[in-house]
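Each protein sequence line maps, in turn, to chains A and B.
Heads up, the first sequence is in this note's numbering, so the first residue is 1 and it goes up one at a time.
Heads up, the second sequence is in this note's numbering, so the first residue is 1 and it goes up one at a time.
Keep in mind that a hint or two might mislead.
In this list, chains with the same sequence are indistinguishable; a pair is considered to hold if it fits within one copy or across any two.
To be verified - Below, a list of computed lysine-lysine pairs in the DSS-like style, where the Cα atoms sit at most 25 Å apart:
#, residue 1, residue 2
1, Lys-56, Lys-216
2, Lys-217, Lys-63
3, Lys-191, Lys-129
4, Lys-129, Lys-217
5, Lys-99, Lys-120
6, Lys-191, Lys-99
7, Lys-63, Lys-116
Calculated from the structure, these hints are not laboratory results.
Given next are the chains, with one letter for each unit.
Protein chains: 2
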Amino acid sequence: MAGTNSERIMLAEGPAIILVEPQLGENIGMVARAMANFGLVELRLVKPRDGWPSDKARAAASKADHVIDGAIVYDTLEEAIADLNFVYATTARSRDGFKPVRSPVTAAETLRHRFKAGEKTGILFGREKSGLSNEDVALADEIVTFPVNPAFASLNIAQAVLLMSYEWMKSSLDDVHAVPFDAPEQPMATKDELIGLFDHVEEALDARGYFHPPHKKARMVENLRAVLSRRAFTTPEIHVVRGVISSLDRFSRRGQRAPAVPVRGDEDTDTDGDASGE
Amino acid sequence: MAGTNSERIMLAEGPAIILVEPQLGENIGMVARAMANFGLVELRLVKPRDGWPSDKARAAASKADHVIDGAIVYDTLEEAIADLNFVYATTARSRDGFKPVRSPVTAAETLRHRFKAGEKTGILFGREKSGLSNEDVALADEIVTFPVNPAFASLNIAQAVLLMSYEWMKSSLDDVHAVPFDAPEQPMATKDELIGLFDHVEEALDARGYFHPPHKKARMVENLRAVLSRRAFTTPEIHVVRGVISSLDRFSRRGQRAPAVPVRGDEDTDTDGDASGE
């Protein structure tokens, strides 16, 4: 699955990101970086305040040069969206009007669906200070808003672009719980290996008088086995644990003798408790 | 539902965000802002390079002062996580070892589950240049990684914190498709209102000779009704549309006469086409 996802997310396709009158070149650069992180490339700028191209934008883009180089500047929002079929407006506050309001997940699913159907789509992001005007929003088909903390709802423009780009990427995954790489595959231990561990530990402890008093031994073994089997060991993990036991069992500390008095199980653990936990 | 969600997301609770040897105060500030956006407050800093407190951090936090003021500095990662029960390490690349790797969605669900069970949790984020070391990762329970574009995988630290904070917030929602506010509730139009619109439009057009030639009228009306009913109008929308029709029907352009020659339906539309679209 990881391989399949990797191939798919190399695609540099998806909605255009349209910044309406962005003010700071740094923000445009961070937008470009966020887009590149999630495979988007098409950046459109409506009247960037400090002009274009922008050295500050390029520096802040952290090598997302392909997005910066491909950015196109427009005089009006109408021109910037002229070739698109479907447009979302991002906004943090409720607007009067007839536009449906969608969550980022719903919006990304809709954009993916329309993308697959061959439509050209875009997402509008507003000015740093004031967001999108009602006139800007009126040009969009639907509104998307973020589930932010109402007491601290103002998202930086690059953060807003990041969240939509991230949801766009996620909408390409068959399973949002999938990961692109995983820990090295390890075979789960067999019961034979687990019982070998039990025997190893119990023999080494028995040799030290750990199971004391003798009439409690059965219960102590039961608790110990519960602890050792609480989580499913892999075969390599069993090997590591047995290596630890062997080292403790067979060798003294360097320059020290093994202790003369046996360490008993009833001295440092509550052996009447349930070691398997809750 | 919006009300319920708003109450819940006012809670300033959740995993601690732990930055391991962050370098730039600006980044710490942007992290604080991202946390505040999604209701997280507990920021821990392990050996911030440029010291603490930081004016640059405060400025970049854009008024997330409660997060900045509450930040605690530690000398070691071990101390920073000492009181926690469960810790995620964020990393963009595969690591050797036994740690399970989770998606942000899975990680947020796990954190929410453990939070509800009364556990204290945290998420580790690495240095700007080099991320988390293998020794850092070894102190975590599991790894979380982002579904980024493999060709441009490096996330800014504040962007990474934003994504995890966002998923944390989403994990509190019963439905990721829910939105905190919606367009004003409008009653859907009744069929009676829709037929009233049909009659209004058709009468106004008929008075102008639009339905020409007469033997095509039935088909033209059919197509026109398909267009008008393609999307479900609300009652206020019907009122707006009927107001438009009335204005066009009853008044001339200011200073102009109504045109002498009737505009016919067959002159500017393909009335044999299927106006209902595909």
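These are the hints, each one checked on the structure:
no.: 1; hint: Lys-56 <-> Lys-216; result: neither (74 Å within a copy, 63 Å between copies)
no.: 2; hint: Lys-217 <-> Lys-63; result: neither (65 Å within a copy, 62 Å between copies)
no.: 3; hint: Lys-191 <-> Lys-129; result: neither (63 Å within a copy, 45 Å between copies)
no.: 4; hint: Lys-129 <-> Lys-217; result: neither (72 Å within a copy, 54 Å between copies)
no.: 5; hint: Lys-99 <-> Lys-120; result: within (19 Å within a copy, 41 Å between copies)
no.: 6; hint: Lys-191 <-> Lys-99; result: between (60 Å within a copy, 22 Å between copies)
no.: 7; hint: Lys-63 <-> Lys-116; result: neither (29 Å within a copy, 41 Å between copies)
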